[in-house]
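Asks: Produce the complete structure using the sequences and hints provided.
Protein chains in written order, with this note's numbering: chain A, 1 to 349; chain B, 350 to 856.
Worth flagging that the hints you see were computed from the coordinates, not collected in a lab. A hint or two may mislead.
[Said to hold, decoys possible] Not the full set, but computed from the structure, chain B residues with beta-carbon under 10 Å of chain A:
1. F653
2. P657
3. V679
4. K680
5. V696
6. D698
7. D703
8. I719
Every value quoted in this text rests on a predicted model; they were computed, and no experiment measured them. Backbone N, C-alpha and C fix where the C-beta goes; we use that ideal spot for every residue, glycine too.
Take a look at the letters that make up each chain.
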Amino acid sequence: MIGPKHSTFKRILPQLLILAAALAINLVVFPDFFDIDFRNGRLFGNLIDVLNRAAPVAILCVGMTLVIATRGIDLSVGAVMAIAGATSAAVVVEGHGWVTALLAGLGAGALCGLWNGILVAVLKIQPIVATLVLMVAGRGVAQLITEGKILTFSNEGLIHLGAGVVAGVPTPILIWMALGALVIFVVRRTALGMLIEAIGINERSSRLAGINSRVLLVCVYLVSGLCAALAGVIVAADIKGADANNAGLWLELDAILAVVIGGNSLLGGRFSILASLIGALIIQSVNSVILLSGMPPEFNLVIKALLILAILVIQSPRISYLMYMLRASGPQPQPDTAPLPKTQKEEAQ
Amino acid sequence: MTHDTGPVLHAKGISKFFPGTIALDEVDLRLEPGEVHALLGENGAGKSTLIKCLTGAYQRDNGTIHLNEQEVSPQSTADSQRMGIGTVYQEVNLLPNLTVAENLYLGRQPMRWGLMARRRMNAMARESLAGYGLDIDPAEPLTAYSVAIQQVVAIARAVEMSGKVLILDEPTASLDRDEVQLLFSVIRQLRDRGLAVVFITHFLDQVFEISDRATILRNGRVVGTRVLADVSQKDVVTLMLGRQLEAQVHERKPAKAGETLIEVENLGKRGMLDPLSLALREGEVVGLAGLLGSGRTETANLIFGAVPADQGRILLRGKEIAVSTPREAVKHRFALCPEDRKTEGIVGDLSVRDNIILARQASQGWMRPIPRAEVNEIAERYVKALDIRLASLDMPIRLLSGGNQQKALLARWLATNPDFLILDEPTRGIDVGAHAEIIALIEQLRSDGMALLVASSELEELVAYSTRVIVLRDRKQVRELSGAEITPENIVHAIAEHDTPTEEVAR
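Replies: Set out below in structure tokens:
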């Protein structure tokens with residue numbers, strides 16, 4: 001059992017190093033970054049903020065990792081967040097309890113996931129196109145649910161999901177960690193992970209080996225829809241209202257980015273949800289640097305882009321190959337080349 | 350006048366080396382004006398490599414090419430086209446979203462004041478195609494027409510641009526009978542115009558119908574050039590397969606009188622395989638023989654449900670079963686090792702261990718994972734039993750050699766304890782050692798009571814392990830050989846034999 005654990009560590013090592021670097025930059029721009037206080041029954045601190053604000057992308061990237069592992073992509077998650085948030089808000093405004101509202105939101109997400117899954121697995125539409133449909137239409141659906149306005153609510157139970165505290169820890173942190181752990185457990189302790197990877201690597205071979213790739217694909221999009229719904233409910237709860245226009249806006253791209261920073265190939269196959277989660281934390285740490293450094297907000301997007309470009313360049317195959325070659329050939333040139341200039345110099349003298 | 354009698358194209362001593370193999374070894378090819386010249390050989394014999402050397406797609410390592418007695422050395426396919434060698438491939442290499450006329454004149458459109466003279470181009474195209482007996486609207490997009498017409502458009506383009514030699518690489522592979530006739534009438538017309546046409550196909554009937562001479566390749570060498578009027582199909586097949594066909598009595602241990610396991614009744618699919626029937630008993634190996642494209646792989650795929658059949662039925666132990674997906678086939682304890690290991694067999698980036706366990710895990714469902722200890726036990730057992738050479742069970746299967754990949758795929762299916770194992774070209778592209786081991790394994794599985802259906806192009810191999818052999822030809826079942834009848838000579842005879850009476854087909 002040492003083997004697999006060791007290889008998991010090896011797998012996420014690059015992401016851990018990048019996260020450490022991102023946190024270190026935070027420390028440079030804001031020396032009190034690692035300080036954590038316990039006040040009014042809640043943990044406070046920049047680190048807690050990073051963990052808390054990472055929640056939506058972290059939850060999205062769990063489902064997104066599975067979708068990408070099957071060689072697919074889910075562009076609709078941002079819109080699904082808006083739909084689920086709007087659904088929950090509408091249910092709670094109607095006077096139902098928060099549990100009903102949460103379930104309704106998740107149900108809406110499941111329906112969206114099912115829709116995507118059927119388009120991709122049954123109708124064989126390319127995932128990027130299939131999920132684009134809902135990405136565009138989803139916000140419209142959400143607006144229909146909220147009737148075009150921001151639906152505010154004051155249900156304590158629902159608000160607790162996004163802004164509450166359990167045992168001193170903000171609820172979203174607990175939710176995304178629990179969800180991540182649960183999905184990792186289910187995927188790796190059953191055969192699901194292997195079968196998903198097999199489909200992503202070679203669907204034809206997998207089908208011939210008797211894997212029910214169609215059902216698995218639908219399930220994967222379903223999970224992604226559920227994750228998006230959970231994220232949507234949390235975001236709505238956090239602001240105590242459902243904003244059909246802005247909830248989860250562009251978050252699908254952050255989720256994809258988290259998966260990519262997590263070292264998962266967009267061509268499908270082997271995946272690591274843990275690495276994607278660290279990727280989500282890296283993105284939030286970068287956001288934090290920009291906020292804490294006190295730079296004018298106009299710079300934010302450009303700086304974020306530059307930092308992410310740097311991360312991706314470091315991970316690119318060409319650079320890893322160069323690093324590998326440097327390490328492999330590092331000691332060798334010395335005995336070969338070092339004497340050479342000397343003799344030339346001697347001859348010159 | 351000497352010019353007319355000399356060859357249009359004369360390739361002498363063409364050699365081409367690839368790392369580790371000699372793809373072409375001193376190949377000569379002589380094309381006379383006004384002849385249709387077939388190029389024959391099994392897969393890997395060097396046909397495509399030769400074509401690519403002639404058209405400049407590959408640079409030959411040795412030899413000379415004379416075109417109308419002038420030495421040429423095409424550096425690219427565009428180069429060879431300019432010199433007069435045009436090629437049309439099986440997959441029509443035209444642009445489907447452009448019109449017929451645009452395809453014909455792409456890159457050399459008639460211009461007027463710097464703009465394309467569309468009306469003139471369409472008129473030219475119509476006239477040109479009428480010369481091939483095609484009366485179609487050249488302003489329509491290419492996709493509006495059948496593959497056969499697209500082929501003719503491709504030929505017209507190649508002829509107009511080149512006009513000395515036309516190479517047709519499997520042009521009839523996806524055409525039906527009438528379409529083939531349309532294509533042949535075009536070929537005959539070009540032949541009468543004095544072009545030299547090179548015709549590559551796996552359908553021997555078509556070769557004899559349209560070609561004047563044939564050059565037969567085997568393992569990168571020319572084994573003969575024949576005037577087809579003087580030889581029989583059997584002679585040609587013998588040359589292609591290159592077996593010494595001395596009549597040897599086939600000593601076969603009588604198959605254990607097992608129960609009838611599988612009955613396939615009139616299973617077929619339009620355009621893919623004519624209805625085929627066969628029955629398999631436990632402890633029996635049925636071989637599927639036939640040239641490439643004769644329907645061996647199609648038979649295997651239909652029985653396994655990889656491609657759903659549109660007629661016929663399958664009975665398992667006397668009861669009709671539905672097999673429309675591989676998943677259903679696996680449920681009934683069928684197994685299929687496909688011909689194309691890379692795209693249909695291995696899951697390249699998964700470990701050898703995961704690849705071996707894949708089918709068994711898939712049939713158990715994801716909810717019931719096979720415990721890790723059991724996975725290791727199964728994987729190690731088969732690695733040992735089949736002598737799979739690997740550094741570690743954790744290595745990705747794509748890093749294994751072809752023979753070891755094939756054994757791992759066999760392990761994948763043996764781990765599901767199949768009753769019925771279909772092997773499609775189990776020994777293709779693997780080394781001699783693994784080859785012998787796989788044949789021994791087939792024999793062992795048979796004597797353990799499994800029913801096997803093995804498709805192979807290696808006749809001697811089929812003779813060695815089959816209790817019966819079904820011969821396919823042009824996607825039809827033409828003969829069934831059993832017992833002492835199973836000799837390479839009889840198989841070749843059956844492959845080459847002309848139209849068999851229908852009673853025999855139905856058998």
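Asks: Hold the hint about B:P657 up to the distance rule: shortest CB distance to chain A must be less than 10 Å.
Replies: Result: violated, 12 Å to nearest chain A Cβ.
Asks: So, as I understand it, the hint says B:V696 touches chain A; can you test that by seeing if any CB pair is closer than 10 Å?
Replies: 5 Å, holds
Asks: For the hint on B:D698, does the least C-beta distance to chain A fall short of 10 Å?
Replies: Since chain A brings a Cβ to about 5 Å from B:D698, closer than 10 Å, the hint holds.
Asks: Holds or violated: is the Cβ of B:I719 closer than 10 Å to a Cβ in chain A?
Replies: 7 Å, holds
Asks: Could you check if B:V679 really has its C-beta closer than 10 Å to a C-beta on chain A?
Replies: 4 Å, holds
Asks: Quick check on the hint: B:K680 CB to chain A CB, less than 10 Å?
Replies: 8 Å, holds
Asks: Regarding the hint that B:F653 lies at the interface with chain A, is the smallest CB-CB distance below 10 Å?
Replies: 8 Å, holds
Asks: Quick check on the hint: B:D703 CB to chain A CB, less than 10 Å?
Replies: Check passed: Cβ of B:D703 comes within 5 Å of chain A, closer than 10 Å.
When each numbered hint is compared with the structure, a violation occurs for hint 2 only.
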